[in-house]
Structures are given as structure tokens and as C-alpha cells.
Amino acid sequence: MRKLVAVYAAEMKFAVANQMQYRWAAFFQLIGFLIEPVVYLVVWRTVAESGGPIGGYGVAEFTSYYIVWTLVRNMNLALAPGSWDYWIQSGRISNDLMHPVPIFHRQLAAFAGFKFVWIFLWFPVAAGLSLIFKPDLSPTLLQGLVFFVAIWLGYLIRFSLLFLMGLVSFWTTRAQALIEIVIGAELLLSGRLVPLAVMPDWVERLAGWLPFQWTFQYPIEVLIGQLDTEEIFVGLGTQFLWGGILIGAIVVTWRSAIKRYTAVGS
Amino acid sequence: MNGFRLAAMHWKVGAMNEVQYRVNFFLQLVDSAIRLGTGLIAIWLVFSHTEDLAGWSRHELLAVMGIHILLSGINRTFVEPNVFQFIYTIGEGEFDYVLARPVDSQLMVSVRNLRFWQLVDVIVGGVVIVWAVIGIVEDTSWVEVLAFLVAVFCGAIILYCMWMVVAAAAFKWIRVDDTVQLLNGLFQAGRWPVTIYPGWLRLTLTFVVPLAFAITVPAESLASRLTGGMLALTLIVTAIMLLITRVAWQHGVRNYSGASA
Numbered sequence: 002m003r004k005l006v007a008v009y010a011a012e013m014k015f016a017v018a019n020q021m022q023y024r025w026a027a028f029f030q031l032i033g034f035l036i037e038p039v040v041y042l043v044v045w046r047t048v049a050e051s052g053g054p055i056g057g058y059g060v061a062e063f064t065s066y067y068i069v070w071t072l073v074r075n076m077n078l079a080l081a082p083g084s085w086d087y088w089i090q091s092g093r094i095s096n097d098l099m100h101p102v103p104i105f106h107r108q109l110a111a112f113a114g115f116k117f118v119w120i121f122l123w124f125p126v127a128a129g130l131s132l133i134f135k136p137d138l139s140p141t142l143l144q145g146l147v148f149f150v151a152i153w154l155g156y157l158i159r160f161s162l163l164f165l166m167g168l169v170s171f172w173t174t175r176a177q178a179l180i181e182i183v184i185g186a187e188l189l190l191s192g193r194l195v196p197l198a199v200m201p202d203w204v205e206r207l208a209g210w211l212p213f214q215w216t217f218q219y220p221i222e223v224l225i226g227q228l229d230t231e232e233i234f235v236g237l238g239t240q241f242l243w244g245g246i247l248i249g250a251i252v253v254t255w256r257s258a259i260k261r262y263t264a265v266g267s
Numbered sequence: 480m481n482g483f484r485l486a487a488m489h490w491k492v493g494a495m496n497e498v499q500y501r502v503n504f505f506l507q508l509v510d511s512a513i514r515l516g517t518g519l520i521a522i523w524l525v526f527s528h529t530e531d532l533a534g535w536s537r538h539e540l541l542a543v544m545g546i547h548i549l550l551s552g553i554n555r556t557f558v559e560p561n562v563f564q565f566i567y568t569i570g571e572g573e574f575d576y577v578l579a580r581p582v583d584s585q586l587m588v589s590v591r592n593l594r595f596w597q598l599v600d601v602i603v604g605g606v607v608i609v610w611a612v613i614g615i616v617e618d619t620s621w622v623e624v625l626a627f628l629v630a631v632f633c634g635a636i637i638l639y640c641m642w643m644v645v646a647a648a649a650f651k652w653i654r655v656d657d658t659v660q661l662l663n664g665l666f667q668a669g670r671w672p673v674t675i676y677p678g679w680l681r682l683t684l685t686f687v688v689p690l691a692f693a694i695t696v697p698a699e700s701l702a703s704r705l706t707g708g709m710l711a712l713t714l715i716v717t718a719i720m721l722l723i724t725r726v727a728w729q730h731g732v733r734n735y736s737g738a739s740a
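Residue numbers (my numbering), protein chains in the order written: chain A, 2 to 267; chain B, 480 to 740.
Bear in mind the hints are in silico, worked out from the structure with no lab data behind them. Any given hint might turn out to be false.
If we take Cβ atoms under 10 Å as the criterion, some of the chain B residues that face chain A in the derived model are [to be verified]:
id	residue
1	508
2	509
3	513
4	514
5	520
6	529
7	530
8	531
9	532
10	586
11	652
12	675
13	703
14	707
15	711
Note that beta-carbon positions come from the ideal geometry of N, C-alpha and C, so glycine has one too.
Next comes chain A alone, as it looks inside the complex (with noise of 0.2 Å):
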């Protein structure tokens, strides 16, 4: 345990000097991330200042909402699965199948890694956003602290789902439809276009069977203060649950990818 510590200190630490390097063109990237959830805001702020408060939302909901989704945002960006088809097509798959660390633990350590920088970049775009919107955010001392843990949870969450469908590409290298279709789903279904109290309430409850909500909505509405006592504590069990879920699928699903794999490449 104590060496797999060192392991990610040392990958984080690699990652952050890896994107200082980079840091206008994390900037950059960062900035046009944002312009999603700006424009989500100016529609659903337009669209409640006309017709009232939808599902518990209104002017001022919308906007914490959609400002604290910038940071959570940051923090659940993740190894595209689309990776995966690049690096078996290439055969650089095998460089990484001699490393002892196996490419799970690297790749979480590096993307958390990312993270310091790209919330470091963040601030300013925030500090901005807030100025011209004006949420209205005043957490608890609980929240802040949930929200906290519910974000990496969130991280780990997501990562081990785009993990889990990048192994995929093992049994075939046409992943990118079934990726479109889930990261479709999870646009909807996580309450990234918009809160899930404004969907219909059938789309509410199915939603309530998947993961995507873990990741998005429910650290936002932790700190926003949409959620009591309960359901924060319901949330923060739910978020470990499907962490585990996850994480044992990976663990039988990456034993049958790899005995699938023989190598391409150099």
C-alpha cells in the first residue's frame, strides 16, 4: 500500500510538471470547456426569469448550479476511451503491459495530477463567471466538507466507467459508436444539459439506476444546498457503491481483455 502511494505521488507529481509545461494550452482548453455550461446558464437563467422557478431551480439556483458545474467539470474529465483503439492499433499498449504499476493506477494518478492545474487555471475563469452572474452560494461547513470528498469519488467514478468502456476495444476496434451512445446517455442522464428536476420525472427515476448522477449532479447540488442531511449521507454511499461496482468490473473485465490481446507493434 505504502509503495502504491509512492507510485501516485510520483505519477501526480510527473503530471503536474507535465501541464505547467502546457499551462496556455491547458488554459485554452480549459476555457472552451467552459463555454458549455455558459450557455446552459444564459438559457436556463433566460428561461426561468420568464416562466418562474422549474422543479426547485430558479434564477439563482441555475446560476450556482451552473458555476459550481465548471469545477466539477474539471474534476471529472477523465482518459477519453477512445484512447484505447489508438494505443492496441499501435501496439504502444505493450510498453505500458511491461510497466509493474498497471496502467489503472498510472492513469488516475496522471489525470488527478491534471487536476491541480487545471483548478489552479480555473480560479480566475471562476472568479469571473461569478462577477458577471452573481451566484448565490453560502455552504455549510458539512457540504463543503462532502462536497470534497464527493468530487474525487465523482473523478473515480467517471474515470472507472470510461476505463471499463475503453476496454472494450479488446474485442473490437468500432468502440466509438457504443462510446457515443453512453457519453449521449450520460449528457442527459447526469444531469450535465440541465438539473434532472427539470427532465420529466421517468427520465428522474432511471437515472436514479445509473451512474452518470453521481458524477455530475449530486456534488453540484451538495454545495448548492438542494439536498438535506440524509441525502447528502444517501448520496456519499452511493457514490462508494458505485465505485466498487465499477472498480470489481474492471477487475473481471480487464482478466478476459487482456488474454485477448496479442501484441502489434514493435
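Got chain A; can you put chain B on it based on the hints?
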């Protein structure tokens, strides 16, 4: 060889290359269907809670979305693959080979590549536009149709210019692919009419990144709101963008010192 023949030849070869991979057509269909579906759901959600969005009706927003999909298809078919290839070429020091050819380098760089299956988005965008027009008016005049076609053509040119200006920055900064991603992010803002955005963003999307002229203006022509003055302004903006692109390109080529030697 004139420019049109050169472009047509490259596109023909590009299309022949792409049609070898027929599965990509179905992948593109899935991709387009998902993006269309999520766009329609977003509009449906908005209009299940309000009658109009800052003066835009459901079908007018559908027109904006259709134009966005159509222009996105044109961009992803003809412009983006060439921009990314150019950035790669600069990074690898292979741009010298482009300069060595007896044709204009900007033309050469702009037509080398084509992603044929992305044309699915052009068709999908066209269908959405027709659907929107049927819902907006029962009788559209030829003048409005002509104004729309001119505005969409200008929109496609403006988008080409925006991407090429960013690409030309590669002459100086080399790694500008992340800036292209920023442009892609900004382009997403064009899915909604720029008039719904707050002043600072509206100004940015009108004068810095002129998506207002590229997407909202054609949609206004379908909603019978486009004035002759605005269409003339769109033509002027298009001409200015072409000029800026040409100047940026020539400046880049003049200062390019080669990397492969």
C-alpha cells in the same frame, strides 16, 4: 492548374479514400443521431417551460440548430481536417514541401483533406432546416430563400476564416491545436441565437468570433427578420474576414523559416 480543379481533384481522392471505410458511415450516422437527439431534447425541454426564448419561437430555434448542424458538417468535412493536418505539418517540419509546390500555399493547405462521411451532418442539418421552415411560415418568397442561401454561404466562409486564422498562428506558436479546441467550444455557443446572451458575450460572438453573422443571421432570414442592411453587413464582414485570413497567412509564410532542414 486552376484552384477549383486542384480542389476538386483532392476532394475526389479524399472521398475515394474514405468510402473504403464504409463502417465509418454508420459510426457517423450514430454520432449525428445522438447530437441531433440531444439538441432536439434541449429545445423540447426549454419549450416545455416557456412559450418563447428571448423572442425566438420553437421553430426558429430549430432553424438555428439546423444551420449550426449544417455548418458544423461543412466545417468538419472540408476545414477541420485540413487545419489539423497543417498544424501537424508545421510541427513536423513538412511545410517546406507545401511551399515547394507551384500553387498558392493557402489554397493547397485548405483543400488537401476531406472527411467525406461528415457530409451526413450537412444532410441532417438540411432536413432540420426544412422542418423548421415548414413550422415558421407557410409561404416563403424566393427573395428570402436567396437571402438565406447567401447568408449560409457567408457563414461557411466566415467559419473557414476563423479556423484558418487560428491555424496561421501555428507559424509562430506551433502548438495551437488546443486553441482550435477553444474555437470548437466557442462554436457550440452558436447552437443558440446570440441575441439571448448577455452583452459582453454577444459582442464577443459578433465582433471577435463572428458567429452571429455565421449562424444567427441565416436563421433570421428564415424567420423573415433579416433586413437588407444586415445582409449587406454580413457580406462586408465576410470580405473583411477573408482579408484578415489572407494577411495572417502571408505574414506567417513570410516569417516561416523552415524546420526540416
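Verification of the hints:
| no. | hint | result |
| --- | --- | --- |
| 1 | 508 | 9 Å, holds |
| 2 | 509 | 4 Å, holds |
| 3 | 513 | 4 Å, holds |
| 4 | 514 | 8 Å, holds |
| 5 | 520 | 6 Å, holds |
| 6 | 529 | 4 Å, holds |
| 7 | 530 | 8 Å, holds |
| 8 | 531 | 8 Å, holds |
| 9 | 532 | 6 Å, holds |
| 10 | 586 | 28 Å, violated |
| 11 | 652 | 9 Å, holds |
| 12 | 675 | 6 Å, holds |
| 13 | 703 | 23 Å, violated |
| 14 | 707 | 29 Å, violated |
| 15 | 711 | 29 Å, violated |
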